[in-house]
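In order, the protein sequence lines correspond to chains A and B.
Counting from 1, one number per residue, gives the positions in the first sequence under the working numbering.
Counting from 1, one number per residue, gives the positions in the second sequence under the working numbering.
Hints were generated in silico from the structure; no laboratory data involved.
Note that the Cβ used here is the ideal one computed from N, Cα and C, for glycine as well.
Possibly wrong hints are sitting among the right ones.
Said to hold, decoys possible - According to the in silico footprint, chain A covers these stretches of chain B (three or more CB under 8 Å from chain A): (1) 208 to 216; (2) 241 to 254; (3) 259 to 267.
Said to hold, decoys possible - Derived lysine to aspartate or glutamate pairs resembling EDC-like cross-links, with alpha carbons at most 16 Å apart: (4) LYS167(B) <-> GLU214(A); (5) LYS341(A) <-> GLU245(A); (6) LYS159(B) <-> GLU208(A).
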Amino acid sequence: MSTEQSNEQMPDWSGYRGVLVFIEQRSGTAKKVSWQLLGAGKKLADKLEVPLMAFVIGDQVGHLADEAIYYGADRVFLCQGPELQDYRTRPYSRITLKLIEEHKPEICLFGATGTGRDLAGAIATHLPTGLTADTTELDVEPHPSRLLLASRPAFSEKMMATILCKQYRPQMATARAGVFQALPRDPERQGEIILIPNPTAGEQIATEVVNFIEQTGTVNLEEAEIIVSGGRGLGGVEPFRLLKELADELGGQVGASRACVDAGWIAHEHQVGQTGYTVRPKLYFAIGISGAVQHTVGMAGSDVIIAINKDENAPIFQFAHYGIVGDLFQIVPAITAEVKKRKAAKEDPTMAFKV
Amino acid sequence: MLHIVVCIKQVPDSREIRIDPVTNTLIRQGVPSIVNFYDLHGLEEALRIKDELGARVTVVTMGPPPAEKSLKECISLGADEAVLITDRKFAGADTLATSYVLAKTLEKVADEWGAIDMVFCGKQTLDGDTGQVGPGIACRLDLEQLTYVGKVIHVDPEKRRVRVERKLEDGVEVVETSFPVLITALKELNKVRRAPMPGMIRAARFKPVVWTTNDFPDIEISKIGLKGSPTIVSKTWVPEVRKVNGEKISGEALEQIAEQLMEKLWGSELAQKLGWA
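With the rest of the complex left out, here is chain B (with noise of 0.2 Å):
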């Protein structure tokens, strides 16, 4: 049976971030914490393989204790396993450091539940914005890499390839690669289904696995959390944009509101720029 892992991150919903307007400083509190939703297509896809050909579905993810939650969730939509990868020791890690330590993880699930034939990521996470972290794995594992998938058109277990549809700034790339492969989700992936009812119940009750650095006796210290990030935030500031207060046009009836408009540009510099003059 294939093994299918999902890379999760339960991240605050960074659409509702506001900043306070006088400290310009971020308003935390309240923010909801979601499964970045890029990931739930990634676990959606599996879960369709699942149907179809028959698969194990393990979910996996780095964080808190609280991002406990979030795996139940996966679990309430029919993902078979989860494992939370959780220590204080992983804070502050920036991109490479988590794939890091998700590699790590993703090799122990397979001693544990068998080879990985397909892992699948979100494109990106909500929160973080970099699209690093797929790549990241898919390297150190030495995986096949298939990033910005749109459309998984065909997976053949006997040839152990899978036929994808990219979608890339310019157009849609139709590719194929083998197992083992990572592939980051689209939004445009699939459409992601309601909890049933019965997944909902073993939801309720399920524990996921929770492993510590203490889980992992050949894990590199130097290489996880703040120290093995080479990346640190120097500053952060809220951009401000020029103003320029320009004039305002106003009059008695529409047609003159635009006339007047016309006019200023056709009489400016703009003209000429755009050939109109």
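So here's chain A without its partners, still in its complex pose (with noise of 0.2 Å):
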């Protein structure tokens, strides 16, 4: 990232039209990322009167090319055979130049997962193009500039940056898991499919792929509808069993701020804010956590916020739907037991009268 430059002419871009989404996927599941990125890339291309277009590589994957249009993709790019059952750097970003090349997308997007990040660095480097990464705004200029305002994270979270590239086509970026909302799917939702041949049938690829261990572990924050969060407050790794109490009788899941988690307190998959998820469960709970912004702007577009904080002065108490002051080590076990009793009555509304 360099600084502003001057206002130099921008060259003719007018045979680049239209965006362009990778879809991901894994043993023909794709990652949600991709139909959130159909979701922001959908406003994009209306606002600059283009198609949506999408891309699946990989092998026994045609019915993504359909999800691909249900999510919004106006046109589906599809290359599938044996040898692309696995995501390798090679064969991925050979296919990827080649559409990049033939159909000039003005813009291109890619979740920014190891796969997304690994493939649209080669593919940036070889174009060559400017390529934003772990953006977690998107938006458009207008015609006549197009331009691609690409935001992200800076400086360890604690500014915003937006990154322009006026000087090559396509405008690249990869966009954080978790920010963008997908469209409703709509299977009524008709497009065209374009079939591309597979120019890597029977060819010697260096790179094997010999297991996949798959890892879904227990813990899916963007998912989650409800998150019970901690942060420094809990002043170690045994508290978070309290917060795990709570998640459980609430079917949540545990979350964290990044100081517990470079605290190594607990592992970075439960890490909600800028460098960790950005999240919109229905009901969050914050839990010793004091409220900076590198932690507010991954939460605060959840319907509910409780916080628990014995600093009546700490700023996530402005972010909360409903404050409580006082010691976490013995509100948030009260707050269990109620959750349960109340479970209780409702699964025996008998009990309800006993209580």
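Build the complex from these two chains, which are given one at a time in their own frames, with help from the hints.
Shown next as structure tokens:
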């Protein structure tokens, strides 16, 4: 990233039109971020009055081309073959490059996942063009500039920066999972599927995927309806047990602020905030979390936020719908007990009279 | 003998950067410079391969002259040679321009000290956070590319193959490929050693090889620095979050507080949305 240059003449990019989204998949299941990117891409495409395109690479992934249309794509490129079952940089980047060179999209979006970043990094260098990593906001300037305004956190999440790519096309960005919203799936939606021959058929490829050990673990913050998050105020690993009990009782998941992850109290997959996940659950507990902006930008979109903190001046209370000032070590178990009581009452209505 | 190159970057420890609450600008004073810690895990892995199989380990960095300090740190840990690429013309480079210069550098390193078998980079830098320079170098030098590596399982210098574990969001991928290969390192890859006394002594006297644009006769000036960078920062701002300033819940006893809270939640539309009611 460099600083603003003078207002140079922009080259003629009229040959480049449309927004192209990479549909990432494993074993025929698409990553959620792909549908989220179609949601983000649709807005850009509408504003630019161009089609939204998607591409799917893999083995027996034709159904994902249909899904891409249901989630908003107007045109889907589909490339299939047994060699393409697992993501590998060389074959996937060859196919993607050819696609971009032939169909000339003005914007290309990839998930900021291991695979998306691996592929986008290779593509952008080959083309060459500018690539903005890990964007959390995407917008476009209308015609004639048609510039992609790709914004991302910078300086350990303390600032946001908008990055432009004026002199090259396509404009490329990777985008974070869980930030953008997918359109509702519409199985009536029509679109065009274009088959691309597999250029790597029967070819010797040096890289070989030997095995994949799935670890979809128990944490999936982006899809959780309820998240119980802890911060520095917990003081260590052990108190997370209290949060886990409450989360289990509510059918939710445990989250954490960056401080806890940096301190090694909990794994990164639990982290909410700019370097972690952006979440929008229906109910969010912020427990022992002071409320630094790096955290609040990742959870302020939650429907209902409850903050528990012993410091009544903690900024987190400004973002909370309900605030409780006090000792989390006492309050959290009390809430867990109350939830248990209500659940019991719901299951056995006669209990309601006994408690 | 294997030749392993490790690309490192000296970065401000961005975890220490603060925002001035009045001017909303970055306070950079007093922020320490460190070796990007993912890069140190790359170096450590190179040194482990050196310890086990024998290898020559060359460290390179692009940066201003004070980046020499980081190269010395790598020497103290056990690297054999260190190269500093420094020139005002390189300044303002984005990931595309950076990978161009580093690729040119690696070509020159290969000319000087022998063909390169493996390249290690950190998975990303602390200040840029892009993870794009590694794949950029691999692409330019036509290397195999293994990103987000959490474990090197086996290096076979005879067959010239390496098997690793890549750590992805949804699991661990066991993958192998051929030399020459570029690997980007995660924190999980290893535990970085402490510099041994002889290493520290060597580092104290060590002077890295310094290359400027003059050392690259065929470098295209249009591809380096600010000029060679397609991306530009158009604006920066400090994010603001919507404030709701909701109600405080208090009470004499804990049970009371918990009950009040749940009463409010159960009585709201949230309860319907969550299927509680």
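Ascending list of hint numbers which this structure does not respect:
Violated hint: only 1; rest satisfied.
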